[in-house]
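There are 4 protein chains.
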Amino acid sequence: MRIGIFGASGYVGGELIRLLLQHPKVEVTTVTSNTYAGEYVYRVHPNLRGETNLRFVRSNPSTITDECDLLFIATPHGVSSTFMPELIETGIRIIDASADFRLKNPKDYPVWYNWEHRCPELLEKAVYGLPELHRDEIRNAQLVACPGCMAAGAILALAPVVKDGRIETDRIIVDSKVGSSGAGAKPTRSSHHSEHYSTVRPYKPVGHRHTAEIEQELRLLSGRDVVVSMSAHAVNMVRGILTTCHVFIKGEITPLEVWRMYRGFYRGEPFIRFVRDRKGIYRYPDPKVVVGTNYCDIGFEVDGHAHRLVLISAIDNLMKGAAGTAVQNMNIMLGYDEREGLRVMGLHPV
Amino acid sequence: MRIGIFGASGYVGGELIRLLLQHPKVEVTTVTSNTYAGEYVYRVHPNLRGETNLRFVRSNPSTITDECDLLFIATPHGVSSTFMPELIETGIRIIDASADFRLKNPKDYPVWYNWEHRCPELLEKAVYGLPELHRDEIRNAQLVACPGCMAAGAILALAPVVKDGRIETDRIIVDSKVGSSGAGAKPTRSSHHSEHYSTVRPYKPVGHRHTAEIEQELRLLSGRDVVVSMSAHAVNMVRGILTTCHVFIKGEITPLEVWRMYRGFYRGEPFIRFVRDRKGIYRYPDPKVVVGTNYCDIGFEVDGHAHRLVLISAIDNLMKGAAGTAVQNMNIMLGYDEREGLRVMGLHPV
Amino acid sequence: MRIGIFGASGYVGGELIRLLLQHPKVEVTTVTSNTYAGEYVYRVHPNLRGETNLRFVRSNPSTITDECDLLFIATPHGVSSTFMPELIETGIRIIDASADFRLKNPKDYPVWYNWEHRCPELLEKAVYGLPELHRDEIRNAQLVACPGCMAAGAILALAPVVKDGRIETDRIIVDSKVGSSGAGAKPTRSSHHSEHYSTVRPYKPVGHRHTAEIEQELRLLSGRDVVVSMSAHAVNMVRGILTTCHVFIKGEITPLEVWRMYRGFYRGEPFIRFVRDRKGIYRYPDPKVVVGTNYCDIGFEVDGHAHRLVLISAIDNLMKGAAGTAVQNMNIMLGYDEREGLRVMGLHPV
Amino acid sequence: MRIGIFGASGYVGGELIRLLLQHPKVEVTTVTSNTYAGEYVYRVHPNLRGETNLRFVRSNPSTITDECDLLFIATPHGVSSTFMPELIETGIRIIDASADFRLKNPKDYPVWYNWEHRCPELLEKAVYGLPELHRDEIRNAQLVACPGCMAAGAILALAPVVKDGRIETDRIIVDSKVGSSGAGAKPTRSSHHSEHYSTVRPYKPVGHRHTAEIEQELRLLSGRDVVVSMSAHAVNMVRGILTTCHVFIKGEITPLEVWRMYRGFYRGEPFIRFVRDRKGIYRYPDPKVVVGTNYCDIGFEVDGHAHRLVLISAIDNLMKGAAGTAVQNMNIMLGYDEREGLRVMGLHPV
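Protein chains in written order, with my numbering: chain U, 1 to 350; chain Y, 1 to 350; chain E, 1 to 350; chain W, 1 to 350.
Hint data in this document are derived by calculation from the structure and do not stem from the laboratory. Hints should not be assumed to be uniformly reliable.
For chains that are exact copies, the list does not tell them apart, and a pair is met inside one copy or across any two.
Said to hold, decoys possible - In silico DSSO-like cross-links for lysine-lysine, where the CA-CA straight-line distance does not exceed 27 Å:
no.	residue 1	residue 2
1	Lys204	Lys186
2	Lys186	Lys279
3	Lys107	Lys186
4	Lys204	Lys250
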């Protein structure tokens, strides 16, 4: 199975190359980057030194379909929709890590992304690539749109309880804390080490674009309207997202009920772990523990005092939040074991 | 004015020594530590090398009142209430940085701290030491109980809007992110560098003890019942707390109204700054910017989509969250300029 | 092949468990810890949650030889020599990650470790477990003593040029920068996050114990006396060692000669990479790039101005500096492919 | 005394503004930045919010001499020499934090900086602004050229022992570890948080430009030729430089002799502290302890094993390594107490 990666010089692109080079059933044949065309991959992704002699080539949507059987896209938002119709016509299967095909309602793009969608007719065709919610559709999809990193963490933390229905669905707080790699590989003042070190920066207290996809998916699950109150913070680490969700309970709920609800919802899921210990220092999910893995760790606590349920998830934003889920989707699409190439255990300490 | 510090080997104690050594109107005469008695202060607080030849002495509540005119207490929670009645009788003025006299209702101690208060009759006598709310009472108080670090950040962010009354007071979310110095100077597995680095650890998602004092103070302001939903996270920095408060608006509120409400409430306050810019990377409060200062930076954003108001504050937990406020209280009690010894500007970058 | 790990609750022990659980040819049957006996492994090593149901058992040198075919030891220095004679008699093969059998000369122990060796007769029997220098002896050894983490980084950086002989062997500077995990899992004041964050702490400017084994191995290679001037610094990261070696050249040497010398010496080595680029930001070795891998990255620069050669290596102290090399040794001893279980690529960024 | 700062939007410029705003005897009247002309200073230096209403103006060497009595220059290297002759003619006194007038020998500029000096005749007129070595010349200088940050740390660590003469002056190793603020405020790939976090990057193992000024000053002190072997590393902190100097002793030297040599050389110096304890975790200098201060902490250890003396210094690169020394020079030039505006104690922990 020949694999191409379109836009492979960023952090998600690098992570895809790393994962696919180690995947026993596929071969990476083409990695594109207009900025680094001609350059060895290891010059941009230094961890791959000695692992591959691949070089970047210029991106060309017209020829790439000849060179590979499945295509990953890791371009910035707003790019893939410019050439997607052309790609779709060739029949090639596509896993898009960008935001261009995540939302079902074309009207959401001007609202949340400030642009009109160029090929709204393809939105319905695209499958939202979160295996825990859409595994069967992913299997046969031609175009899979992977979730945003913070959306993945929030949806996985909230899905069972939103489906269950015993919470106030118009007051769902999503308070996200994300590492610097979430902002991509391009240097900016905000990502400058001297400015980012020791920070807890509330860079998007309201209006974060992932709100749209979180609401879309939770609405699907609950069959009702859902309003998500999201705030995103940048913190002093490179990889990882901790998502703290605060929801209000209608009536009563016991920890055991929550426990069963989550265990039931995620039964058999290879990349969901539950973390809820009475002792030790890792009693709740912590992004530190999932660095480099495809796990989404989930924990919770019931706050009787405030009729509140706190749901917590931890993911590696480049793995379960991007490239890991993308590869998991590929495994599903190609009929491989879903864990293939993703079985790595986390490092501790790191 | 001779000053004593009881329990001066911890981080708050060290910060008090540092501030008071630089204060032009007082003299530090006695600093106590049972663990380090006889040791030079700079061996424990290495920043004070060359600044003072003080040595720690053993704590003795009976004699310390002879050696100083005003006493700071920075002992662990549950200690100062064992000797406070004896101290109070001497007439000495006391600023207690621990939790023992923060709560007015004696019944709150068994609920939130798991112990019965030893001298509940003193609780009424104590003044909650947040100058922005209780300046007049502090002026003449004999015993001032300084706020908990996370409580200070939350109360200052919420006070104006809770007093205003246009929010749902039973659904106030306080999502705190605190640096490692907030856990004190005693090494533990959780504070071990290898375990704490790169972490975002939700160490107290529900049931945090500062909830009690936040509710107490907000209830006083609003005259109604208030329920606070607090979650505390440890992050990879040493100093600072970012508090993100999510509250739900009844009816409508404009940014301008919020702006006026906050400006009005905090008019003339020397240590409150408002941070709300349309450009730049420090558009909201950030603990990085207040390190070493006594400022509480406050910002906000209105989320029309979710009928939510997000209130954000940033403080240095050892300064405005502890020793800085303690010295500010001393200045008020002694009739000094409130900013005396606290005029330092923050460092950037740091 | 049944594997036991003696002293498995520390960071090296945890890393051994992680690597061996993922190793296709062995089975971990026994992991010991007196502190955590009875506890699930994942409570101590949170990355292993969901990966294994192993529990720690008490350490018992007498019975462990029945339960496994090969034994790793990761106890603190000074422990394994108390029971090694007993173990050796059973004929079991042993890989010791501690310092007890690294030095050949019994007189070095009182000098560098402050204790008399309890079984000096075993020192000659032990093989110094650095595959790049002693592969053939390791193959048939019963007892392999793995190098100290900083020793591994220094020896691998220096071996070719010391063997070559064109440098002053009595003025070899080894300036090491190591992450906090190198100090182990036990909390101390020095490793307390608030004290370790942002530090560059010269914790052992002279007299570091690894000096002894570095000199021993370099002496063996050069056939002459070697004096190493080592200084160790703790820095603000968790994993990794950067070793900067400064040596003085007798006569002249060109970069090309150094390049050939190193390529020749390490030809075919699976875990040595050379890093020397004219552009990019990873032109020299960097511990960040080898986190989680078994690589030793080596680079150099000739300083014509000062007749100096700077040799730089980067390793992950828990991998190539401890558990990774230990597993590499196991692969050699058991006739497996040397890379088995160690083929992982590094993460970037991390 | 009206003060101007030319090139005030960088980190050194910001530090100068901060220090001078707090200085009791001067007034900052003009701060220039071509990039940010018209912008409020606090938009670029967020720590100054609420402290000043100054705005940046465009740089104009012709008019600035009318607006101020003393001028600081904090432009990038190679800029100030383009307009210095014009400034000098006006008679204004100038403190230049850039490299343009540090070296006495014009031939050193093409060698170390790759450009021919535009006004070599001014080099002799300029005084090298390290008060500990040139206080008397600084007092009456018109043009003071402040040391490079790493040069300051190295020279202060080495001066007494180089002057003493009992070391090999052709084998002086300077191994520097510097925080990210040393690279300035401009975002680059190397300073991108995701790339800089957890790094120990040997970015200049040979050929660092500060070598030239270190050799110049040590040569002056010793009266003999001096060869410095410098290697610079970037580490994961924002402020600070730890300099580890390894030198070889001719004959014997005792710790007491070194101690006396250093105490004697630096007698009365207000910003030199000696750090050498037998216990505690801050037994040697550590940049963490001097953050925000103008101290240079110095320590040492004698290595009898290798005939080596290890000299260690720690400074804040933006303070004693740049703006702090610049203000100290101003105090000397204007006849103020040398500590004026620089008396701040360090923070701990930070």
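Hints and how they fare:
1. Lys204 with Lys186: both (19 Å within a copy, 23 Å between copies)
2. Lys186 with Lys279: between (41 Å within a copy, 17 Å between copies)
3. Lys107 with Lys186: The answer is neither: 29 Å in one copy and 39 Å across copies each exceed 27 Å.
4. Lys204 with Lys250: Between. Shortest inter-copy distance 23 Å satisfies the 27 Å Cα cut-off; intra-copy 29 Å does not.
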